[in-house]
Amino acid sequence: MTPLLGAQKRVLVVEDEEALLSTLCDELEESGFTVEPAVTGEEALRKIREKPLDGIILDLLLPGGMDGLGVLAQLKESEQTKDIPVVILSNIGDDEKVREALDQGADAYFVKTRYSLEDLIERLRLLFQQKPAPPAQRISP
Amino acid sequence: MTPTPGSTTTRATDEPPPTAAPPEADSVSSEKFVTLTAHEMQVPISVLSWNMGRLNRVLGTVSERPDVRRILDRLLEANVRLTTLVEDLLNLAKLHEGAFRVYLRPIQLTEVARRCLKTLEREAERRGVVLTWSWDQAQIPLTRGDPNRLSEVITNLVSNGVKYTPRGGRVAISIRSSSELAPPTVPIPAGKTRTGKYLLVSVEDTGMGIPNDEQPKVFQQFFRGRKAFASAEGGTGLGLYLVRRMVEQHGGAVWFVSREGYGSTFFFTLPVAEPYPEGAEATKSA
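As given, the protein sequences belong to chains S and C, one line each in that order.
Quick note on my numbering: the first sequence kicks off at 1 and runs consecutively.
Quick note on my numbering: the second sequence kicks off at 1001 and runs consecutively.
These are computed hints drawn from the structure, not numbers from a lab.
One or more hints might be untrue.
Stated by the list, open to error - Derived lysine to aspartate or glutamate pairs resembling EDC-like cross-links, with alpha carbons at most 16 Å apart: (1) C:Lys1032 x C:Glu1111; (2) C:Lys1118 x S:Glu96; (3) C:Lys1094 x S:Glu96.
Stated by the list, open to error - Which chain C residues stay away from chain S? Per the calculated CB distances, all over 10 Å, these: (4) Arg1057; (5) Asp1067; (6) Arg1126; (7) Gly1196; (8) Gly1225.
As the list claims (entries may be wrong) - According to the in silico footprint, chain C covers these stretches of chain S (three or more CB under 8 Å from chain C): (9) 39 to 48; (10) 53 to 61.
No residue lacks a Cβ here, since even glycine has one placed at the ideal position from N, Cα and C.
Turn these sequences into a full structure, and let the hints guide you.
Following this line, the structure appears as structure tokens:
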């Protein structure tokens, strides 16, 4: 696994399946990321407001009242968060859903079963390094 | 392609006769159950797949024992089969619901093929099958395609070739331009013109070949040949049926030539993309 170059990137992982969340967090941390986990849309938005982030990995189907597209919509509505890179990581592989997420402003869309973890992390690493987060992204609760 | 002596050419249009009776309530709920189960299976599959990848890297660096390598290879292979099976089930469910769609956009097919082949290389190597591919990148125009679906088509055809080719054999993939949808020996759907601008993909293997009496059934749902059944390879008989549906939804054609004991070559064509109008915005893709 290629370690990150430069400053450590802080990434929020929004995933409600515990086994997937912990696997992803372990791998990202071993690759040099600082990881914040969240299991619901509401928790994700709270964590986004708390600390600056360099990227968000977002599942679509989430428990509670807000799904991944709801989180994405809120992110894109705010000047402070609209430029944080967002990668959708879902089991839904329908092109219609892919198109919907990309049209809403997601930077990339990956179907979980189609990527090895190594391949996935490499793509995330490139994506989050290519697109630097804006300097002021903290937003008021 | 001219069929070799003793080989036969079969187009992908043979289907069992449609049933007129509406589906029974039981069969509808069974289908729904299969779809839901297949969806739910994706989560544990991802957990298995990702963690096996991690285990592979961890053990790969600390253990050189060949038995550990063999165990890991078996686990990885089983997981690939499980993933394929679930994807086939989900695709079949979508076909039955009429929800199976392709989203066409100009794509470079060679890039899709390269990614698939990179994934399949290790499996071919493990089985002692030589996997080769050839195309002249400068001569391959863009095609209108759905990269996810075309990735499934290529993976299916190539992995079949690898599975049913004995150790020491080879599987060769080529992509080239063609001026016809299908050769004259292959009937085409009414309303389609035979000539035009197409890409022709071929997947040739030196495997067991398909007996003449089984060839008309190859693209039918759930069909598995006698040799496939007798082999140690698993399968549902859905793969080639889905290949046919996906290629036809792209406006292409699929067919094969095969000779028992010598091997098979599967072909499919895809229409070449018209050039984008100036200033047109490219579609964002995954």
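How the hints compare with the structure:
1. C:Lys1032 x C:Glu1111: The hint is violated at about 35 Å.
2. C:Lys1118 x S:Glu96: violated, 27 Å
3. C:Lys1094 x S:Glu96: holds, 13 Å
4. Arg1057: violated, 7 Å
5. Asp1067: The claim holds: Asp1067 of chain C sits with its nearest Cβ about 23 Å from chain S, beyond 10 Å.
6. Arg1126: holds, 16 Å
7. Gly1196: It holds; Gly1196 of chain C is separated from chain S by about 25 Å at its closest Cβ, greater than 10 Å.
8. Gly1225: holds, 28 Å
9. 39 to 48: violated (count 0)
10. 53 to 61: As far as the segment 53 to 61 of chain S goes, the hint is violated, because 0 residues have Cβ atoms under 8 Å from chain C.
Of the hints listed earlier, those the structure fails to meet are numbers 1, 2, 4, 9 and 10, in rising order.
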